[in-house]
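Asks: Sequence:
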Amino acid sequence: MQEINKRVPTIDEVIIKKDQVVSGTVSVPVAAEGVVAGLVFGTVLTSTDGGVNWTSQEKPLWIAGAFNADAEVFHNGHTWKSLEDANSNEPITDDPKWQDLGAFDANGVLGENITETSKVSVVITGTVREKHLVNYDDSMRTSLFRNKIILK
Numbered sequence: 000m001q002e003i004n005k006r007v008p009t010i011d012e013v014i015i016k017k018d019q020v021v022s023g024t025v026s027v028p029v030a031a032e033g034v035v036a037g038l039v040f041g042t043v044l045t046s047t048d049g050g051v052n053w054t055s056q057e058k059p060l061w062i063a064g065a066f067n068a069d070a071e072v073f074h075n076g077h078t079w080k081s082l083e084d085a086n087s088n089e090p091i092t093d094d095p096k097w098q099d100l101g102a103f104d105a106n107g108v109l110g111e112n113i114t115e116t117s118k119v120s121v122v123i124t125g126t127v128r129e130k131h132l133v134n135y136d137d138s139m140r141t142s143l144f145r146n147k148i149i150l151k
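In numbering that gives the first Met the number 0, the protein residues as written are 0 to 151.
Hints were generated in silico from the structure; no laboratory data involved.
Careful: at least some of the hints might be erroneous.
[Unchecked claim] Straight line, CA to CA, 27 Å or less: simulated DSS-like cross-link-like pairs of lysine-lysine:
hint: 1; residue 1: K151; residue 2: K130
hint: 2; residue 1: K118; residue 2: K147
hint: 3; residue 1: K58; residue 2: K96
hint: 4; residue 1: K80; residue 2: K96
hint: 5; residue 1: K130; residue 2: K16
All values reported here derive from a predicted model rather than from experimental measurement.
With the sequences and hints as input, model every part of the structure.
Replies: Following this line, the structure appears as structure tokens:
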């Protein structure tokens, strides 16, 4: 049976209204050899320097299971590092088996597709469709609202 590929949402389906856009350098993670890396529009981003440089949340989402020491996952808005092998605990602040590596406060949305680190458009205020955001987690909602990115 032939696999049916779902069409990637168009820009108008992701970003409904752009109130303010900045041009910033968005870092694309280094891909494995032979694999083309890239980020697609709708990827949620964070900047800690006022919109000059942007990064995306690239850690896998935590799901119940066992993790080896040094494994990093994203859960409830934070990146966590497992401190022991066969760690099956859920990452929470007072658990000695996990180290909180910090929050990922999304405050922008990528406005175009990119295949390498480059200076591109980032939406910092406006209205976007939540269901088409890439690497979005509900824990990012507060920081996006604080930055006047409205989710629909």
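Asks: Now tell me, hint by hint, if it's right for this structure.
Replies: Results for each hint:
About 8 Å separates the Cα atoms of K151 and K130, which keeps this hinted pair within 27 Å; it holds. Taking the CA atoms of K118 and K147, the gap is near 22 Å; set against the 27 Å cutoff, the hint holds. The suggested pairing of K58 with K96 holds, with an alpha-carbon distance near 18 Å, which does not exceed 27 Å. A hinted pair counts as satisfied when its Cα atoms are at most 27 Å apart, and K80 with K96 qualifies at roughly 9 Å.
At most 27 Å may separate the alpha-carbon atoms for a hinted pair to count; K130 and K16 meet this at roughly 15 Å.
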